[in-house]
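Number of protein chains: 2
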Amino acid sequence: MSQFRKDIFTGRWVIVAETEAVRPGDFRFKKFTRGTTFCPFCETHEASTPPEIFAVRPGGSPANGPGWKVRVVPNSHLRLKIEGDLGRRPEGFHDVMNGIGADEVIIETPRHDRSLHELEVNEVEDVIRTWIARIIDLERDKRIRCVLIFKNHGEEAGAHTITHSISQLMALPVTPRVIKAKLMAARDYYALKERCLYCDVLHQELAERKRVVAENDDFVSLAPFASRSPFEIGVFPKFHSSAFSWISSVQVKNLAQVLRDVLQKLDKILGGPPYNLALQDRPFLRPREGYWKTIEEDFHWHLEVLPQVIELTGFERASWFFYNPVPPELAARCLSG
Amino acid sequence: MSQFRKDIFTGRWVIVAETEAVRPGDFRFKKFTRGTTFCPFCETHEASTPPEIFAVRPGGSPANGPGWKVRVVPNSHLRLKIEGDLGRRPEGFHDVMNGIGADEVIIETPRHDRSLHELEVNEVEDVIRTWIARIIDLERDKRIRCVLIFKNHGEEAGAHTITHSISQLMALPVTPRVIKAKLMAARDYYALKERCLYCDVLHQELAERKRVVAENDDFVSLAPFASRSPFEIGVFPKFHSSAFSWISSVQVKNLAQVLRDVLQKLDKILGGPPYNLALQDRPFLRPREGYWKTIEEDFHWHLEVLPQVIELTGFERASWFFYNPVPPELAARCLSG
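For the record, the sequence lines run as chains A and B. The numbers in my numbering rise by one with no breaks, and the one at position 41 of the first sequence is 44. The numbers in my numbering rise by one with no breaks, and the one at position 227 of the second sequence is 230.
Just so you know, the hints here were simulated from the structure itself, not pulled from any lab data. Note that the Cβ used here is the ideal one computed from N, Cα and C, for glycine as well. You can trust all of the hints, since none of them are fake.
Derived pair list, reagent style SDA-like, types lysine to any residue, alpha-carbon separation capped at 20 Å:
1) Lys84/B - Glu23/A
2) Lys256/B - Ser244/B
3) Lys9/B - Asp88/A
4) Lys9/B - Ala184/A
5) Lys84/A - Ala20/B
6) Lys9/B - Arg146/A
7) Lys213/B - Pro93/A
8) Lys183/A - Lys9/B
9) Lys9/A - Leu89/B
10) Lys34/B - Thr316/A
11) Lys33/B - Thr164/A
12) Lys33/B - Glu158/A
13) Lys241/B - Asp220/B
14) Lys183/B - Gly14/A
15) Lys196/A - Gly95/B
16) Lys33/B - Thr316/A
17) Lys84/B - Pro328/A
18) Lys33/A - His163/B
19) Lys213/A - Phe96/B
20) Lys33/A - Thr164/B
21) Lys9/A - Gly90/B
22) Lys33/A - Phe32/B
23) Lys271/B - Phe35/B
24) Lys183/A - Trp323/B
25) Lys9/A - Val99/B
26) Lys9/A - Phe96/B
27) Lys145/B - Gln6/A
28) Lys9/B - Gly95/A
29) Lys84/B - Gln6/A
30) Lys196/B - Pro93/A
31) Lys9/B - Gly90/A
32) Lys183/B - Glu319/A
33) Lys33/A - Leu315/B
Residues of chain A clear of chain B, computed beta-carbon distances all greater than 10 Å:
34) Pro77
35) Asp140
36) Ser248
37) Gly340
Given the sequences, and given the hints that come with them, work out the whole structure.
Following this line, the structure appears as structure tokens:
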């Protein structure tokens with residue numbers, strides 16, 4: 004019989020099928036293929052993007068030319084602008100604000116022929132350090148409450164025709180509901196136990212080892228108990244920390260290793276699936292957010308990796324309730340075997 | 004400049020582009036095309052489905068044979084079973100229940116060559132009356148808390164290879180988070196104003212007429228202020244009611260008219276888009292749900308129609324925060340013009 008499983012981090016319910024028979028090859032999706040037309044993100048094409056905001060340039064090469072490892076530029080189809088006032092106001096019953104925020108593209112490699120999982124560990128470290136540098140810079144802007152970093156790999160994950168390896172950053176003046184739900188669940192748990200919800204769940208998962216995919220000294224990758232979709236993977240620090248940007252350089256290396264390992268496994272076992280990657284970080288500490296005082300103790304940042312191998316239907320869209328045909332225990336066995 | 008808009012019904016934020024330049028023809032999607040292989044849902048193929056649960060048979064024809072207008076059968080790939088105990092229990096830190104509930108297919112017409120918007124008004128009425136009959140029947144089952152009715156039209160809306168016009172029903176022992184969020188927002192508003200949030204918003208929308216698509220005596224269709232996606236439409240009763248199943252036969256006719264009109268307009272203006280339709284109804288009144296006492300005054304049922312003309316990306320999936328490139332005022336003008 005199938006099971007209803009509750010995601011303890013969000014309160015979301017998922018229906019998980021009961022089966023041992025699913026194989027990774029059962030899923031139909033458009034396998035990732037690399038585009039061959041002109042790409043604005045390649046090295047030597049720097050003039051095709053807006054001027055860079057940040058870059059990793061080990062040789063000290065000048066901005067907006069070649070010689071970089073990672074490069075951050077504004078999105079050329081800007082959804083938000085960084086200049087101006089929030090203008091938070093009513094419109095009759097409704098609430099409106101100006102579209103203020105950051106909308107950036109992180110070009111993860113100068114090479115067109117490599118995806119994130121095909122980079123060397125030290126190159127993935129450069130990407131992670133770039134994410135951190137952008138968060139630290141944006142935290143100084145008092146209008147910004149929350150930075151989202153995410154990645155769309157493959158057409159069905161929303162990458163459209165972009166096949167160069169990029170991630171994206173959006174800095175928002177509000178905290179998204181999903182993050183708020185996670186903060187509130189973590190706060191309520193801490194109030195009850197005086198321990199971090201995530202630390203406690205990881206303690207159990209690492210003891211049971213039914214859903215663990217891989218680990219090293221600092222990080223663990225696992226298939227969450229109430230996975231929304233087949234082969235969903237969470238990457239969690241084993242140490243307690245509410246803020247992604249606080250990680251040390253040793254931890255950056257260990258994170259690069261675990262993340263690359265997860266993405267390589269998914270690529271190999273599922274055969275080049277489209278996927279989304281997202282950082283779930285705490286919002287910046289600003290007054291007037293009811294939960295901010297205890298956020299450092301309550302919350303525990305993490306990464307979510309969601310292979311997009313089944314279509315969302317009206318059921319998920321109407322309810323934000325999911326049906327997952329692959330039990331996470333089976334997914335973990337496929338990926339760790 | 005783009006705008007952040009808050010959806011007053013859920014607390015969800017949306018980024019809405021500022022543009023007058025979008026045309027309905029700008030969106031690329033797989034246009035709906037009807038399959039021609041053997042279809043288990045056609046009249047005379049009744050033996051290809053599990054035995055029927057309910058049918059509209061005006062001539063009194065026997066079950067599981069021809070002569071029906073609308074027919075309800077269990078989903079042949081059952082995600083939930085109706086027999087058994089909930090078995091609500093912990094699994095270490097996690098919460099689990101048996102996969103108990105209903106998983107039904109509502110075959111909206113015996114004809115393979117008609118979609119819902121191509122039916123006559125009286126045929127759409129039969130579909131609506133069938134939804135109501137199923138809800139009333141399932142409300143008697145004390146294990147069930149919430150019935151979701153939804154429709155996937157077209158492959159990109161999750162219909163896979165099914166092209167016969169069907170809707171689906173899932174009866175759940177828990178209330179999905181989105182419905183809970185709506186109930187709580189409506190409850191908080193009522194506590195402040197002693198008026199229904201939905202009635203008040205409709206009052207304003209019907210006075211301003213910037214987002215209204217169409218209306219009749221009992222129902223109004225409009226593009227919600229914080230529409231998640233291009234051409235999202237809500238269908239609301241103009242009278243206050245928390246429970247969909249309480250509508251009168253005159254109201255059923257008026258709902259059929261407005262719903263058919265919306266679907267016909269979307270089909271014509273966008274050119275056969277995939278879409279999802281979902282009923283947002285109150286959960287059944289059961290003890291131990293904190294909000295149940297005031298639900299009749301607080302909540303106001305409605306339908307959501309979501310054309311699937313842009314891909315969800317990692318941004319939406321990570322945050323349940325949306326970017327909508329088409330202002331709802333423009334969508335309403337395109338559809339009502």
